[in-house]
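Chemist: If you read the sequences in order, they're chains B and X.
The first sequence runs 7 to 397 under my numbering.
The second sequence runs 7 to 397 under my numbering.
Just so you know, not all the hints are guaranteed correct.
[To be verified] Calculated pairs, DSS-like style, for lysine-lysine (alpha carbon to alpha carbon, straight line, at most 27 Å):
#, chain 1, residue 1, chain 2, residue 2
1, X, Lys-242, X, Lys-268
2, X, Lys-87, X, Lys-64
3, X, Lys-166, B, Lys-87
4, X, Lys-189, X, Lys-166
5, X, Lys-87, X, Lys-268
6, B, Lys-87, X, Lys-196
7, X, Lys-87, X, Lys-196
8, X, Lys-64, B, Lys-196
9, X, Lys-189, X, Lys-268
10, X, Lys-196, B, Lys-64
11, B, Lys-196, X, Lys-87
12, B, Lys-268, B, Lys-242
13, B, Lys-87, B, Lys-64
14, X, Lys-166, X, Lys-196
15, X, Lys-367, X, Lys-189
16, B, Lys-166, X, Lys-87
17, B, Lys-367, B, Lys-87
18, B, Lys-166, B, Lys-196
Derived from the structure by calculation, the hints contain no laboratory data.
Note that the coordinates shown come from a computational prediction; the quantities given were computed from them, not determined experimentally.
Residues per chain are reported as follows:
Number of protein chains: 2
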Amino acid sequence: MPQEARPFKASLFFVSAASSFATPSFASGVITGLQSCDKLAVVPVITITWAKMHNIRKPITMADIARSTGVSPMTVSRAFKQDASVSQETREAVLRAAEELGYVFDSTAANLRSQRTDFVAVTIPSINNANFADTVRSLSDGLAERGLQILLGYTNYDTKEEERLIEQLLRRKPEAIVVTGGKHTPRARKLLSNAGIPVIETWDLPEEPIGHVVGFSNALAVREMVNHFVSSGYRKIAFIGGDADRDTRGTDRRAGFIAAIKDHGLDAERLIAAGPPPISMREGANAMGRLLEQFPDTEAVICVSDLSAFGALTECQRRGLAVPEQIAIGGFGDYEIGAICVPSLTTINAFAAEIGTKAAKLIIDVLDGRLANGLGRVTIRPDLILRETSR
Amino acid sequence: MPQEARPFKASLFFVSAASSFATPSFASGVITGLQSCDKLAVVPVITITWAKMHNIRKPITMADIARSTGVSPMTVSRAFKQDASVSQETREAVLRAAEELGYVFDSTAANLRSQRTDFVAVTIPSINNANFADTVRSLSDGLAERGLQILLGYTNYDTKEEERLIEQLLRRKPEAIVVTGGKHTPRARKLLSNAGIPVIETWDLPEEPIGHVVGFSNALAVREMVNHFVSSGYRKIAFIGGDADRDTRGTDRRAGFIAAIKDHGLDAERLIAAGPPPISMREGANAMGRLLEQFPDTEAVICVSDLSAFGALTECQRRGLAVPEQIAIGGFGDYEIGAICVPSLTTINAFAAEIGTKAAKLIIDVLDGRLANGLGRVTIRPDLILRETSR
DNA sequence: GTCTCTTATGTTATCGATAACATTGATTGT
DNA sequence: ACAATCAATGTTATCGATAACATAAGAGAC
């Protein structure tokens, strides 16, 4: 529509300056419409007709409302804010006129002048992951109360991609930025540090946080599960996760597994790499197949997520392996599937939704000047949930 | 940060106009800083100190880069576009200066002036649904090739909420808008029609489309499954879905089920309402429980989605009911879980990702002026996928 | 009755990039 | 060789809302 509106303006220039023909952008649509007409004087009329034919109208602005209501544009602007001092009747008149004219508020102008966008940028590894979706949803709900909207991007579990994404997002001038994870490229770190807005790292406890943190230790959470499995008598314990060369939360979980196993004096060699994250149910199943072939005597397996754990469970079912009698399974993330599948999954609840809620509260506190210069550190303590896939 | 930057500017006004004390917004931060100083002449110095102390600097603009490079701001602007005519060395100098100064492109200004945001607004019912996530992902990937970014919002399966969301999104001046479903409030329809941008309705085949359509008939898809079930010998067929009072795709599927059943001269009374959408796995399981109590002789059940179907399946497993021997189950959406669970789910593949891809292509075609005034109508033909939960 | 304070509104300048138009020197075609 | 074209850059005005400041009229205080 802005594109279509352009010819109208261009044709006006046409009347005054013939040299504008040189401009390539001008030489497209309008010319065609005008060439059939040989009298330059009627160009404006033609143009208006053309515009009307195509139902092009210059977008309604506050100035239009002001004119039709008989007040100043500033008063119109005030009438749209709930707190501004405008008389009841003026406001009603303005809103009525706006409705009649079909006015749609133009936030791009407001954004520039007020230097506020009411955007909060958010990066997540994948849009198709119930855990991150939960975080985003509760974050979004929390921020909505203060009129903040989320600008979302996904990184495909790739820090280089994250860097590009962060750069893109910062151009939109968000009020704050929430990133998933605490590992970033050096340039991404720099971009975030220099952005001049609150930065919140989530789903992790970074060693050197950039700004605020709402997260938990992935390694520690898995360690707890290992401890529980060992105390339940399991000794030959395996781990199914993504490839080790990515800086993701899955890698931290894997590292936590290895450390915990070694602390118990056990063998930490039962590691199955299921490919680059995200690890799907299918990949979990495949990994389970490989695990059973490489280490048939495995007593328990911890998976990087409930999705891969469920996949592993189905593989056992296909092979007629009793869970947990012959092999125990643990997941991560407390997805809905883990609670309802048969047998139900032992897992770790990382409180995905709470991360979003806490992050939203943190952002609002910072933007409202509470928490002055301090940095927020919200540590979530994941819960071990014992269900039927382990004894 | 814009907040923090304000005092700096305000204090400059302070020097010229004492009456600015009256402004409440001014009477906050800066005054405190200045009161300890009794010589007005040094105010600028104080201010700079204060600004430095808090590491506040006026954001870098293209004008700054222009100054430091010795070119005009316009040349700087051109240097950032890949197609603009700028000499190689000038461009390099500009980019180098930008890097050194830590410049971040301000799209809010570009948005206003160029009347382009490169946003495409998208509404989906829920952010936590793998089907819609697939559509959004492929849509996003498709649009990214032309530099378009998605502005996403979710409606909670509520048309009133959708109306609010659409209004919010349109204020951001997207280049196009993609909505899920073809049922909207009258006001939402009006907003979309008047927006002056391409409108794409998806996941449905609306009777009166607003603009373009990329979708399929939910009713027809379920009808095919019913037909298959009947031809397989099932007669007592039930449907598990959301409450009937919502205008959603689930309601269409339910309607398609009823119509198809009646066409076969069968009894369409085995309808279990599982609550307001979205229907979770848990709700699917509960609904299955109720179904088995109300209609114990049911031979097959079709669920509004794979999630509820899987929930239903687990309920059968908990009750020791053999699937498909004692009862057959059909789902909808071809979620990953349906392919991997044991037994695997008979379902309908609605090609969620393809909807996104096609919509992206459509949008780009329209924005690039191909498809002139025509309206796109991309009809997807869902696939019936026969797996182990039915014979 | 004068002064202060508040409420409702108007005026002006501005946010930062860029569209539109202008200009200059170099290159090409015939 | 000279007009025509192009490549590279500059100048000016503008997108539309709103921050900052100004002002007029009414309410209340002493």
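Chemist: Hints numbered earlier in the text: which of these fail when held up against the supplied structure?
Modeler: 5 and 7
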